[in-house]
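Participant: Given next are the chains, with one letter for each unit.
2 protein chains.
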Amino acid sequence: MLILHDNIESGNAFKVRLLLHQLGIPFNSIQYDVTKGATRTSDFLTRINSNGRIPVVEFEDGRCLAESNAILYYFGVNTIFFPKDKWQQAEVMQWLFFEQYSHEPFVAVAKYILTMLPCDSPRRAEIPTLHTKGYAALQIMEHRLKKHEYLVGEDYSIADIALFSYTHKAEMGDFNLSLFPNIQKWITRIEQRPDFISMYPKDWKKI
Amino acid sequence: MLILHDNIESGNAFKVRLLLHQLGIPFNSIQYDVTKGATRTSDFLTRINSNGRIPVVEFEDGRCLAESNAILYYFGVNTIFFPKDKWQQAEVMQWLFFEQYSHEPFVAVAKYILTMLPCDSPRRAEIPTLHTKGYAALQIMEHRLKKHEYLVGEDYSIADIALFSYTHKAEMGDFNLSLFPNIQKWITRIEQRPDFISMYPKDWKKI
Numbered sequence: 306m307l308i309l310h311d312n313i314e315s316g317n318a319f320k321v322r323l324l325l326h327q328l329g330i331p332f333n334s335i336q337y338d339v340t341k342g343a344t345r346t347s348d349f350l351t352r353i354n355s356n357g358r359i360p361v362v363e364f365e366d367g368r369c370l371a372e373s374n375a376i377l378y379y380f381g382v383n384t385i386f387f388p389k390d391k392w393q394q395a396e397v398m399q400w401l402f403f404e405q406y407s408h409e410p411f412v413a414v415a416k417y418i419l420t421m422l423p424c425d426s427p428r429r430a431e432i433p434t435l436h437t438k439g440y441a442a443l444q445i446m447e448h449r450l451k452k453h454e455y456l457v458g459e460d461y462s463i464a465d466i467a468l469f470s471y472t473h474k475a476e477m478g479d480f481n482l483s484l485f486p487n488i489q490k491w492i493t494r495i496e497q498r499p500d501f502i503s504m505y506p507k508d509w510k511k512i
Numbered sequence: 306m307l308i309l310h311d312n313i314e315s316g317n318a319f320k321v322r323l324l325l326h327q328l329g330i331p332f333n334s335i336q337y338d339v340t341k342g343a344t345r346t347s348d349f350l351t352r353i354n355s356n357g358r359i360p361v362v363e364f365e366d367g368r369c370l371a372e373s374n375a376i377l378y379y380f381g382v383n384t385i386f387f388p389k390d391k392w393q394q395a396e397v398m399q400w401l402f403f404e405q406y407s408h409e410p411f412v413a414v415a416k417y418i419l420t421m422l423p424c425d426s427p428r429r430a431e432i433p434t435l436h437t438k439g440y441a442a443l444q445i446m447e448h449r450l451k452k453h454e455y456l457v458g459e460d461y462s463i464a465d466i467a468l469f470s471y472t473h474k475a476e477m478g479d480f481n482l483s484l485f486p487n488i489q490k491w492i493t494r495i496e497q498r499p500d501f502i503s504m505y506p507k508d509w510k511k512i
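Protein sequences, first through last, are from chains X and B. Sequence positions in the first sequence follow the working numbering and run 306 to 512. Sequence positions in the second sequence follow the working numbering and run 306 to 512.
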């Protein structure tokens with residue numbers, strides 16, 4: 306069976322869990338504590354991902370694929386979660402690269418600093434800059450979602466999965482989502498899909 | 306004709322110039338001085354790219370596509386610069402996202418700080434961290450290129466174009482490429498392709 310090298314706190318990993326669930330593809334999850342360097346061991350770097358990051362999907366023949374949005378592409382292409390139209394395919398790509406360059410480094414990192422590091426971490430000094438840049442990314446999404454139900458065309462796609470993941474937990478990084486009513490409606494729309502699963506399972510408790 | 310919203314100093318823009326040239330697609334280039342906020346004007350944000358960045362390709366009907374690697378995908382897919390094999394397609398995507406998350410923010414930003422900002426810029430303090438992270442990215446490329454001529458499969462693809470761009474100018478950011486003999490051979494291999502063009506035209510002089 307497919308193995309997902311995973312971390313419950315990672316929005317990048319949740320993207321993959323959500324898409325695999327929505328596609329009905331079974332997998333086993335292996336959890337890594339990234340705060341303790343579990344993805345930087347010699348075995349992980351040699352066999353799983355030389356870049357020392359999760360998520361990674363490992364196939365039965367041992368091949369490994371890293372980069373959450375590359376994984377979304379691999380499983381999403383030629384399914385209902387990737388548009389057929391060539392222009393819309395390019396727009397999906399635009400949102401995926403936007404997410405990794407202009408959204409995740411700010412929205413995800415604020416969540417990480419405020420929920421995973423000690424209260425007196427010197428990295429808290431980064432929060433004002435992360436907020437400025439993260440709010441700019443959220444504003445771009447809000448603008449698009451003002452007139453459209455989803456990010457590309459009128460259908461849910463891997464672009465929505467990629468952006469939804471850290472956006473719907475942005476308040477854990479102290480972002481105020483009430484400033485973005487159309488993002489909030491889009492989050493609700495995605496959460497109300499019958500094939501939706503939560504990022505944190507109901508029985509999950511932070512240690 | 307296609308318009309490329311462009312900047313001669315941007316490796317992200319050069320990726321697009323190189324691929325369009327190699328595909329024989331003509332375009333007009335419009336240059337922007339990003340150090341003077343030329344991509345943050347109201348017209349640019351409204352009409353070209355709400356994220357205020359180049360490169361952007363503008364089609365004759367006014368549609369605009371941003372994100373350099375999304376542009377590479379749009380023009381590269383279904384050409385010789387994108388593999389036919391589904392697994393190799395995923396590997397191309399893995400390298401494209403690696404480039405934007407783990408390479409460009411360090412290798413490109415070091416070049417920007419050292420060549421575009423004043424010598425006394427306080428941003429020079431970022432250089433040691435940028436070097437640590439940028440060298441880690443270069444090491445991952447070096448490892449792959451030790452046993453392969455190109456990043457994916459055995460053929461030149463948009464993955465090579467994406468990574469080549471800032472890597473071949475990494476010394477402008479004070480990275481020592483002599484530490485990476487296989488990257489150097491790969492750079493030479495790409496520069497010797499008959500369809501190669503230089504990032505800086507011969508008659509170009511920095512103002």
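Please note: incorrect hints may appear among the correct ones.
Which copy is meant is left open, because identical chains are indistinguishable; a pair holds if it fits in one copy or across any two.
As the list claims (entries may be wrong) - The calculated DSBU-like cross-link candidates involving lysine-lysine, where the alpha carbons are at most 35 Å apart (straight line), are:
| id | residue 1 | residue 2 |
| --- | --- | --- |
| 1 | K341 | K438 |
| 2 | K507 | K490 |
| 3 | K389 | K341 |
| 4 | K452 | K341 |
| 5 | K490 | K389 |
| 6 | K507 | K438 |
| 7 | K451 | K341 |
By construction, these hints were calculated from the structure, which means they are not laboratory data.
Participant: With reference to the structure, classify each hint as holding or not holding.
Facilitator: Tested hints:
no.	hint	in the structure
1	K341 - K438	both (28 Å within a copy, 19 Å between copies)
2	K507 - K490	within (23 Å within a copy, 53 Å between copies)
3	K389 - K341	neither (42 Å within a copy, 39 Å between copies)
4	K452 - K341	between (43 Å within a copy, 32 Å between copies)
5	K490 - K389	within (26 Å within a copy, 39 Å between copies)
6	K507 - K438	within (32 Å within a copy, 37 Å between copies)
7	K451 - K341	between (41 Å within a copy, 31 Å between copies)
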